[in-house]
Amino acid sequence: MSRLSVSLPGLNMKNPILPASGCFGFGKEYSKWYDLSLLGGITIKAATLEGRFGNPTPRVAETESGMLNAIGLQNPGVANIIENELPALKPYNIPILANIAGSTEEEYIEVTRQISASPLVSAVELNISCPNVKEGGIQFGTHYKSAADLTRKVKEASQKPVYVKLSPNVSNIVEMAQAVEEAGADGLSMINTLVGMKLDWRTGNPILANKTGGLSGPAIKPVAIRMIYEVSQKVSLPIIGMGGVSTAEDVLEMMSAGASAVAVGTANFVNPYICPEIIDSLPALLDEIGVENISEMTGRSFRKWKTPLSSR
Amino acid sequence: MSRLSVSLPGLNMKNPILPASGCFGFGKEYSKWYDLSLLGGITIKAATLEGRFGNPTPRVAETESGMLNAIGLQNPGVANIIENELPALKPYNIPILANIAGSTEEEYIEVTRQISASPLVSAVELNISCPNVKEGGIQFGTHYKSAADLTRKVKEASQKPVYVKLSPNVSNIVEMAQAVEEAGADGLSMINTLVGMKLDWRTGNPILANKTGGLSGPAIKPVAIRMIYEVSQKVSLPIIGMGGVSTAEDVLEMMSAGASAVAVGTANFVNPYICPEIIDSLPALLDEIGVENISEMTGRSFRKWKTPLSSR
Amino acid sequence: MMKHLLKVTSNTEIARNIFEMKLTGPGVGNMTSPGQFLHVSIGNHTSKLLRRPLSICDVDLEREEVTLLYRAQGDGTKQLSEKQNGELVDVLGPLGNGFNMDEVDIKRSALLVGGGIGVPPLYYLGKQLKNTGVQVTFILGYQSLEDSFYIDKFKEIGETIVTTADGSFGIKGFVTDAMEQSLKEEPVIYSVGPAVMLKAVEEKADSLDGYLSLEERMGCGIGACFACVCPTETRKSGYVKICSDGPVFKMGEVVL
Amino acid sequence: MMKHLLKVTSNTEIARNIFEMKLTGPGVGNMTSPGQFLHVSIGNHTSKLLRRPLSICDVDLEREEVTLLYRAQGDGTKQLSEKQNGELVDVLGPLGNGFNMDEVDIKRSALLVGGGIGVPPLYYLGKQLKNTGVQVTFILGYQSLEDSFYIDKFKEIGETIVTTADGSFGIKGFVTDAMEQSLKEEPVIYSVGPAVMLKAVEEKADSLDGYLSLEERMGCGIGACFACVCPTETRKSGYVKICSDGPVFKMGEVVL
Ligand SMILES: Cc1cc2nc3c(=O)[nH]c(=O)nc-3n(C[C@H](O)[C@H](O)[C@H](O)COP(=O)(O)OP(=O)(O)OC[C@H]3O[C@@H](n4cnc5c(N)ncnc54)[C@H](O)[C@@H]3O)c2cc1C
Ligand SMILES: Cc1cc2nc3c(=O)[nH]c(=O)nc-3n(C[C@H](O)[C@H](O)[C@H](O)COP(=O)(O)OP(=O)(O)OC[C@H]3O[C@@H](n4cnc5c(N)ncnc54)[C@H](O)[C@@H]3O)c2cc1C
Ligand SMILES: Cc1cc2nc3c(=O)[nH]c(=O)nc-3n(C[C@H](O)[C@H](O)[C@H](O)COP(=O)(O)O)c2cc1C
Ligand SMILES: Cc1cc2nc3c(=O)[nH]c(=O)nc-3n(C[C@H](O)[C@H](O)[C@H](O)COP(=O)(O)O)c2cc1C
Ligand code: FES
Ligand code: FES
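Residue numbers (our numbering), protein chains in the order written: chain G, 1 to 312; chain S, 313 to 624; chain E, 625 to 880; chain W, 881 to 1136.
So that you can see chain G by itself, here it is in the shape it has in the complex (with noise of 0.2 Å):
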């Protein structure tokens, strides 16, 4: 054990990086910029029933210190994934969780079902926050009741530890949180992308074919802290958090908030090689505060040196 290491449920990780969902594939594109054996883990893209095409284009958009995605989970479904992608990412022998997505509770369940069962997977991440799609996703994702009841029957399902991954756009995060734990949550992953929008003020027409999209990066990192910081302390799960980490230092403040691992989204579009520098930085940083291990900055911001949750 390094002292790196963390350990959640479903995922030994070596180091608390691993990129977060759609931003990275299925780990084929930026395996030929590093050797992703280096990565705590991978989350893989959303995956669906059936493959989809997603939302027309463009679907991107920059915003100040932030972009919007509206992707439309575009993937080539559940049944190619476990059969062309997972076994890519053998060789790597790292922990992969494997987001998850459905328009209707029986696809997620559907989903869950073959996905947890391919031995490659470690841990599966319920995406109830993806604002793009104009079923499923979101509207599981800003109802208290019904991501309790998807989360019974996804965990049901599921032959491996499921994390929630909430959505950022509720007025209370924390009842959205313990909703899910009572619900049998194993952990929970936040924050999904705020809903936002970008119009270009010379023809009033939105930049996005969607319209709308996800903003994500550094723009939303506020944000992401604050909620990690509310839940951490309303909750007994371990939390995986995102939300424009972009350094080592973010890591540290997201882990401090009451975050187990770290994942990082859209900086890899910035530096495919961000994963890799990050994980390289954090011993200095954590010698720079005399903190041995990295498991003990969770929550450091609250429970001052206390055990860390995620070695609990």
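These are computed hints drawn from the structure, not numbers from a lab.
Cβ coordinates follow ideal geometry from the N, Cα and C atoms, glycine included.
A couple of the hints might just be wrong.
[Said to hold, decoys possible] Under 8 Å between C-beta atoms, here's a sample of chain S residues computed to sit facing chain W:
{"id": "1", "residue": "C335"}
{"id": "2", "residue": "E341"}
{"id": "3", "residue": "G366"}
{"id": "4", "residue": "E376"}
{"id": "5", "residue": "S377"}
{"id": "6", "residue": "G378"}
{"id": "7", "residue": "Q386"}
{"id": "8", "residue": "Y456"}
{"id": "9", "residue": "N484"}
{"id": "10", "residue": "F581"}
{"id": "11", "residue": "V582"}
{"id": "12", "residue": "P584"}
{"id": "13", "residue": "I586"}
{"id": "14", "residue": "A596"}
{"id": "15", "residue": "V603"}
[As the list claims (entries may be wrong)] Straight-line C-alpha distance at most 27 Å; calculated DSS-like pairs for lysine-lysine:
{"id": "16", "chain 1": "W", "residue 1": "K1116", "chain 2": "S", "residue 2": "K344"}
{"id": "17", "chain 1": "S", "residue 1": "K523", "chain 2": "W", "residue 2": "K1084"}
{"id": "18", "chain 1": "E", "residue 1": "K702", "chain 2": "W", "residue 2": "K883"}
{"id": "19", "chain 1": "W", "residue 1": "K1079", "chain 2": "E", "residue 2": "K707"}
{"id": "20", "chain 1": "G", "residue 1": "K28", "chain 2": "E", "residue 2": "K874"}
{"id": "21", "chain 1": "E", "residue 1": "K702", "chain 2": "W", "residue 2": "K1130"}
{"id": "22", "chain 1": "W", "residue 1": "K1130", "chain 2": "S", "residue 2": "K344"}
{"id": "23", "chain 1": "W", "residue 1": "K958", "chain 2": "E", "residue 2": "K627"}
{"id": "24", "chain 1": "E", "residue 1": "K779", "chain 2": "G", "residue 2": "K211"}
{"id": "25", "chain 1": "W", "residue 1": "K1007", "chain 2": "E", "residue 2": "K707"}
{"id": "26", "chain 1": "G", "residue 1": "K234", "chain 2": "S", "residue 2": "K523"}
{"id": "27", "chain 1": "E", "residue 1": "K779", "chain 2": "E", "residue 2": "K751"}
{"id": "28", "chain 1": "S", "residue 1": "K523", "chain 2": "W", "residue 2": "K958"}
{"id": "29", "chain 1": "E", "residue 1": "K860", "chain 2": "G", "residue 2": "K28"}
Following the hints, put chains S, E and W with the ligands in place on chain G, whose structure we already have.
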């Protein structure tokens, strides 16, 4: 009537630009920098019944393309404002929008009664969205029923049109807007700040003494644009748009989304001359896109070239 | 496929809002396939997160120098235009797949059709085709005389026909208005420009013997984010990613 | 009270992470009151929105040059430290109220006590006091020898006692450990530094005959946003704004 003029309930403005509440004090300080009569109007800092000291310091922190504040509604109290602050604004002869806050319904009502009686006040902005105070503020702003009840009572107490300032920290901004519209609001102001937080990664301690604060600045503009776009299509109230506006292009983007006037907050700290500079730049931009009157911009993203909301 | 810090050796306005930027560094050695692009960072730690895809316009392998031509239109390219000599620019590349030049054997001619800021990659392509002995004709469409650029340089490679939308220079009209004559030789067509132009070119062409280079807003630039997809009828998946499957596609392959 | 674009004439590291920046421009002419500050923009259109308050450390009215000393600690000041000669820096100022020098007539002496990056304004203050004939003594506290700066320049003005927390230079300890002796002359005290130091200085002083300059995180810098308030017992409002009512206050006025 010049090409920049816009007309909203109680607010006949020679241009659509007014400083946002809390970012311009009571005008006195900026009057040393330029002639306030250049502005379309002024939103003054929140008034409460008694004077308040607000939160401990530090009260501000910087984030990527944004800032957090937790001022905590510091103000000298409504009577003092009416007696000492408002008269100084008289010479500029521009509409004054008085932002009001409180811990209880009774306080809101009494502040409204007093300040709306001032002949210097053109309209009242009901702040049910301050994230930085324990009581009042956002607790009204995230529950539709409390918001509607309060709006109704404030409306009864007010001698001037009432704009309700909405919080973006809600699951469904449209339902909130509809609730206050039904309760009799004359207009909407949106958006207030997103709740956010920043930690010192070295110590884990929050930068703000209040721990959490309100996120403002360009980082939140995509959220503001999206909410204004959604709400303006579902209510028939004029909207004073705000959230990250810092250029004349931003103003036109926000009006295209559905705003009839635009408030500038954080950008005043970046450049104290920002409001007059934006006002100066607007005509050339309108020329560039062949628009004669700025009021035609309102809602362009969804209502191509129809009667603008601001002239209804 | 790598990340490089290249040094600006020149960055000058060569037509209205059109800049020619030359960058040097060891990474340039791999930039040998016309049609590939660089994913250019605007600056570090600033508010502009996304990289800008810019086509490789020319490469001098000896001097390890790559040339980009870009229009300063939005905030990012405007900031790029302020870079001074000696400053470093962070680029990913070369990315994507360049033009297939195998089909044009020496006996055939090539018609290179570019619109506006789509013309840069055609320069490097034309140069290489000419070197292999192919006869190259360019049709370049601009808005107006003021917006035109690099015409003399294209002329050094082959016959160059210019169209302008306002008629201020060359033939008044669009590139397709100038294609008729050149099509007689049944050339292989290579075209870069906005989608509507590519569509018109494809319709105008008698056969589907040619290649189109597409543009789309990009996130990652390397095939991971699905930002830049385009539907196709010929591929099993039903779509391609412009950044990694393209930006060059065979005519008829993608649904424009 | 104005916004100026000043040109960098030098920007050099004079001690570990401590930079001396000289700026020139017409706006400098008004910067005549020691204790005032400039609200410095880190750069335009970037992700750093807030200005950084930095004290005026020295002014050369003839050359229209103002000197700032700052510690590159966070992202903003680090970026500031990368500014090259000739670049422009956008500043608001002079802001706030400087030190009151009326109370020190020629017969009295002045004791100027500064900690760490609080010392810069004492330099300009010391110079002006000396010019009016006042005898000036400095007590300057640093972390260590490596962190100390400007000591020779202070010595040109008056007696300069240095303390370091680690004892690597001067007296080991805090500024208050060195005050005893100097207090015998019943000087007017001027002090700048972190709040805990100011509190210790105030307690150590026999009378409240002196001035303290406070620091706080700022938004507007001009009194409009209420970011920088400090409670007081003497004022009717119950608080002051450090940016516009201060940053200098009479000892005993504010609750530290
Ligand atoms: C494969 C490829 C090659 C290209 N080659 C060139 C070239 O050689 N020269 C040239 O001038 N332009 C080229 N473009 C277009 C160029 O990428 C855009 O003009 C540029 O990104 C606009 O950035 P901006 O900062 O001016 O605009 P902004 O509006 O500030 O850009 C905001 C975001 O939108 C994206 N964007 C805006 N317009 C376009 C566009 N037309 N295409 C793709 N993304 C866009 C930007 O990349 C950025 O992510 C190419 C595009 C592609 C896809
Ligand atoms: C009236 C006044 C005069 C000052 N004079 C000097 C001086 O002459 N030399 C000098 O080195 N420093 C001085 N300071 C402190 C200086 O303002 C901060 O060190 C600086 O703002 C930190 O910015 P940063 O980019 O390094 O840190 P960051 O952490 O990137 O700053 C983030 C935000 O916090 C603010 N902030 C962080 N630390 C402080 C602090 N200690 N005080 C106030 N704001 C802070 C920044 O201004 C910025 O808004 C002065 C402060 C005040 C209030
Ligand atoms: C292009 C893009 C695609 C995304 N796709 C998914 C997805 O398929 N499933 C999901 O749960 N989240 C998706 N997300 C959200 C990210 O996983 C992450 O929660 C969010 O972007 C915040 O992190 P960041 O600021 O580091 O990007 C996507 C984000 C981006 C930018
Ligand atoms: C320092 C500060 C103080 C504020 N005080 C108030 C306030 O008293 N009442 C209020 O309704 N909004 C207040 N706001 C919110 C602004 O009016 C505005 O809604 C928000 O900042 C978004 O606009 P911006 O991004 O242009 O700043 C404050 C914002 C800031 C930054
Ligand atoms: S830009 Fe990411 S897949 Fe093409
Ligand atoms: S910084 Fe705004 S009031 Fe002092």
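Hint check results:
Restraint check, C335/S versus chain W: the minimum CB separation of about 6 Å is within 8 Å; hint holds. Nearest Cβ of chain W to the Cβ of E341/S: about 4 Å, under the 8 Å cut. The hint holds. Interface hint status for G366/S: upheld, as the beta-carbon distance to the closest one in chain W is roughly 6 Å, under 8 Å. With 8 Å as the threshold, the beta carbon of E376/S comes within range of chain W, its nearest partner Cβ sitting at about 5 Å, so the hint holds.
Satisfaction of the interface hint for S377/S is found here, the shortest Cβ-Cβ separation to chain W being roughly 5 Å, below the 8 Å cut-off. For G378/S, the suggested interface contact is upheld, since its CB lies about 7 Å from the closest CB of chain W, less than 8 Å. The interface hint given for Q386/S is met, as the beta carbon of that residue sits about 5 Å from the closest beta carbon of chain W, less than 8 Å. This hint is violated: Y456/S has a C-beta 31 Å from the nearest C-beta of chain W, more than the 8 Å allowed.
A least Cβ separation of about 30 Å between N484/S and chain W goes past the 8 Å threshold, and the interface hint is therefore violated. Among the interface hints, the one on F581/S holds; its C-beta lies about 5 Å from the nearest C-beta in chain W, closer than the 8 Å criterion. Checking V582/S against chain W: minimum C-beta separation of about 5 Å stays under 8 Å; hint holds. Hint on P584/S holds. Least Cβ distance to chain W is approximately 7 Å, under the 8 Å limit.
At about 11 Å, the closest approach between the beta carbon of I586/S and any beta carbon in chain W exceeds 8 Å, and the interface hint on this residue is violated. Given the 8 Å rule on beta carbons, the hint for A596/S is violated: about 19 Å separates it from the nearest Cβ of chain W. A hinted interface residue such as V603/S counts as satisfied when its beta carbon comes closer than 8 Å to some beta carbon of chain W; here the least separation is about 25 Å, so the hint is violated. Note on K1116/W and K344/S: the hinted pairing holds, with a Cα-Cα distance of about 24 Å set against a maximum of 27 Å.
Among the hinted pairs, K523/S with K1084/W is inconsistent with the structure: their alpha-carbon atoms are about 33 Å apart, more than 27 Å. Proximity of K702/E to K883/W is assessed by CA-CA distance (about 25 Å); at most 27 Å being required, the pair is judged to hold. Only pairs whose Cα atoms come within 27 Å are accepted, and K1079/W paired with K707/E is rejected, the gap being roughly 49 Å. Between K28/G and K874/E, the direct Cα distance comes to roughly 24 Å. Compliance with the 27 Å bound is thereby established for this hinted pair.
For the hint linking K702/E to K1130/W, the alpha-carbon distance of about 50 Å lies beyond 27 Å, and the restraint is violated. For a cut-off of 27 Å, the pair hint linking K1130/W to K344/S stands: about 25 Å separates their Cα positions. At most 27 Å may separate the alpha-carbon atoms for a hinted pair to count; K958/W and K627/E meet this at roughly 25 Å. With a CA separation close to 43 Å, the supplied pair K779/E and K211/G exceeds the 27 Å bound.
A hinted pair counts as satisfied when its Cα atoms are at most 27 Å apart, and K1007/W with K707/E does not qualify at roughly 42 Å. The suggested pairing of K234/G with K523/S holds, with an alpha-carbon distance near 16 Å, which does not exceed 27 Å. Distance hint between K779/E and K751/E is fulfilled; the C-alpha atoms sit about 11 Å from each other, no more than 27 Å. A C-alpha spacing of about 26 Å is found between K523/S and K958/W, which places the hinted pair at or below 27 Å, so the restraint holds.
Restraint check for K860/E and K28/G: satisfied, since their Cα atoms lie roughly 19 Å apart, inside the 27 Å limit.
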